[in-house]
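Protein chains in written order, with the working numbering: chain A, 1 to 117; chain B, 1 to 504.
It is possible that some hints are incorrect.
[To be verified] Cβ-to-Cβ under 7 Å is the rule here; a few derived chain A residues that face chain B:
| # | residue |
| --- | --- |
| 1 | Val39 |
| 2 | Ala76 |
| 3 | Ile79 |
Honestly, the hints are just simulated from the structure, not real lab data.
C-beta: ideal position from N, C-alpha, C; glycine also.
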Amino acid sequence: MEALVASAIGMMTAAGVYLMLRQRTFPVIVGLTLLTYAVNVFLFTSGRLATNVPAIYGTGAPGYADPLPQALVLTAIVISFGMTAVIVMMALGAFLEAGHDKVDMNDDDTPADGGQK
Amino acid sequence: MMYHWIAAPVLLPAIIGALIVLLMRNDLLLQRVFSLLASFGLLAVSIALLIATSSDAPEVYRLGDWPAPFGIVLVLDRLSAMMVTLTAVLAVCVQLYVIGTNWDTRGRHFHALFQFQLMGICGAFLTGDAFNLFVFFEVLLIASYGLMIHSGGRDRLRAGVQYVAFNLVGSSLFLFALAAIYSITGTLNIADLAVKAAALPEGDAALFRVAAVMLMMVFAIKGALVPLQFWLPGTYSNAPGPVAALFAVMTKIGAYSVIRFGVLVLPPGHPITGTLIADLMLPAALLTLVIGALGILGATTLSRLAAFAAVASMGTAFIAISAFTPASTAAALYYMVHSTLAGAALFLIVDLVVDRRAHDSLHIPLPPIAQAGLISALFMVSAIATAGMPPLSGFIGKLLVLDALRDSAALVWSVILVTSLIMIMGFARAGSTLFWKAHASAPDGDAPSHPAQALSFVAVGGLLAGLVGLTIFAGPVIAWLEVTSAGLFDTSAYINANQLPEVK
Numbered sequence: 001m002e003a004l005v006a007s008a009i010g011m012m013t014a015a016g017v018y019l020m021l022r023q024r025t026f027p028v029i030v031g032l033t034l035l036t037y038a039v040n041v042f043l044f045t046s047g048r049l050a051t052n053v054p055a056i057y058g059t060g061a062p063g064y065a066d067p068l069p070q071a072l073v074l075t076a077i078v079i080s081f082g083m084t085a086v087i088v089m090m091a092l093g094a095f096l097e098a099g100h101d102k103v104d105m106n107d108d109d110t111p112a113d114g115g116q117k
Numbered sequence: 001m002m003y004h005w006i007a008a009p010v011l012l013p014a015i016i017g018a019l020i021v022l023l024m025r026n027d028l029l030l031q032r033v034f035s036l037l038a039s040f041g042l043l044a045v046s047i048a049l050l051i052a053t054s055s056d057a058p059e060v061y062r063l064g065d066w067p068a069p070f071g072i073v074l075v076l077d078r079l080s081a082m083m084v085t086l087t088a089v090l091a092v093c094v095q096l097y098v099i100g101t102n103w104d105t106r107g108r109h110f111h112a113l114f115q116f117q118l119m120g121i122c123g124a125f126l127t128g129d130a131f132n133l134f135v136f137f138e139v140l141l142i143a144s145y146g147l148m149i150h151s152g153g154r155d156r157l158r159a160g161v162q163y164v165a166f167n168l169v170g171s172s173l174f175l176f177a178l179a180a181i182y183s184i185t186g187t188l189n190i191a192d193l194a195v196k197a198a199a200l201p202e203g204d205a206a207l208f209r210v211a212a213v214m215l216m217m218v219f220a221i222k223g224a225l226v227p228l229q230f231w232l233p234g235t236y237s238n239a240p241g242p243v244a245a246l247f248a249v250m251t252k253i254g255a256y257s258v259i260r261f262g263v264l265v266l267p268p269g270h271p272i273t274g275t276l277i278a279d280l281m282l283p284a285a286l287l288t289l290v291i292g293a294l295g296i297l298g299a300t301t302l303s304r305l306a307a308f309a310a311v312a313s314m315g316t317a318f319i320a321i322s323a324f325t326p327a328s329t330a331a332a333l334y335y336m337v338h339s340t341l342a343g344a345a346l347f348l349i350v351d352l353v354v355d356r357r358a359h360d361s362l363h364i365p366l367p368p369i370a371q372a373g374l375i376s377a378l379f380m381v382s383a384i385a386t387a388g389m390p391p392l393s394g395f396i397g398k399l400l401v402l403d404a405l406r407d408s409a410a411l412v413w414s415v416i417l418v419t420s421l422i423m424i425m426g427f428a429r430a431g432s433t434l435f436w437k438a439h440a441s442a443p444d445g446d447a448p449s450h451p452a453q454a455l456s457f458v459a460v461g462g463l464l465a466g467l468v469g470l471t472i473f474a475g476p477v478i479a480w481l482e483v484t485s486a487g488l489f490d491t492s493a494y495i496n497a498n499q500l501p502e503v504k
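One chain only, chain A, in its complex shape (with noise of 0.2 Å):
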């Protein structure tokens, strides 16, 4: 299972990052998406990864599961989810001021006066 989730955790991320360094709004912010959900992952990872075990300690369980990261991720979720939003409203919000989409600020269609205020 270490495995299975340390890859997926590893592709992730290298997806995000490709997609990250894209030259449009859109596939960088479905790169960040993909790289919050790495890290969430990550998170709970860092707990250890254990089946079948109890979240609190029992006297009778053969061990428990770290319930610690569980808050972390929450934490993590709510928050990478609350981001992304607010990227999407402010990339469309570009997008609709500039009419195109791309990130890079020095591109042709910088009036010549540099920039009026």
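Once you've looked at the hints, dock chain B against the given chain A.
Just chain B now, kept in the frame of chain A:
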């Protein structure tokens, strides 16, 4: 002595921010009154905390009364009290400026976002828990996203997308680092981490090294250390002027976190990481300073000049931090206080100029601006302070940094001194284009009229007065900072304050 007041710098902005967004969103006057009162309240509380912690040992506030390391704690020591006070001073000045120039009428929810931003900043300075630090980073970031695109505009939105994307990557990196650290040490309380990280088994060395470098990379992103500084010039130059001024303290959160973790958890004497962090940080800091200085000289717009001045100041601060000695840390702290005030003043003055000049290109001479005499004088004072010329505190700060780094004088001294010269040239060029060539290009053109907005000048004057105060009272301030930094390096006080349970 101050037990429950330790939580006040986090709770006060949180409550007022929520009240503003829920009850006062349609009444700008109420928003201004309550937001300003909250900022002054924050200033009063932070000064009280500063005075209390000057004589007492570090004090821990247990949230929900759960003991550390199981519950989350806030830790008040001299360093965190100082940073919170600095934030409050900056907040009051920026808020006066915003009200004076009506920036808050150019978009909605400015004051609510401003208070949430203060909550995140104060929380990041006060927290004693690494995961809680991440949460407060996110709080201040999400408020900063809103502030950064305040009043909108094409370039601002596009720069905002880059800023958010960069920080999302930073947050993911932070979580990777925290998860790796938790999987090794089984704790996230900073004091507990300091104890456990000092006695790690040999087998965890590789993972711990990776986690330590990732953690420092996150703080380097926040502190705009080369090669992770790319987000800063675009963000700061496209953000509204007063927001960029408030962001002057955000880079200091990166520096603060580096000091906190670098001294407590990853000290240079650590058996696994050793001087790894310091060795990586010094070249990066020197490059940051060089790039900042060259950016000041080569900036095409006034806002970019101020943004690169922020990069250069972080370079100087990180040079001092990377030595990790009590003397160099005291110098770094003095320089950080100075550069926060000077950077914020510079951004506000840039906003004064840009607002009167239609656009902020440094290559197109335009007729003189309204109130040019006063603004040019203010610009000159802040340029002297930022470049580090005598008589202001920038000079004393750089002198302290140079003095603390006698051991590597050949490299560090030459970089700091040469970049100072480049910065002086950059500021002189910008100032002459803005204020002297304006007269040459339009000798008889009348200055376009612009309301005087006295309150905005009061705000800038307040920040510059802070610099003057920092210069006049340099002796007592440095003495106080030396005790602070000695207390930081004597980690037992911080760790004992957490009252960790005995290890069986």
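Checklist line | Violating hint indices (sorted, rising) | finding: none
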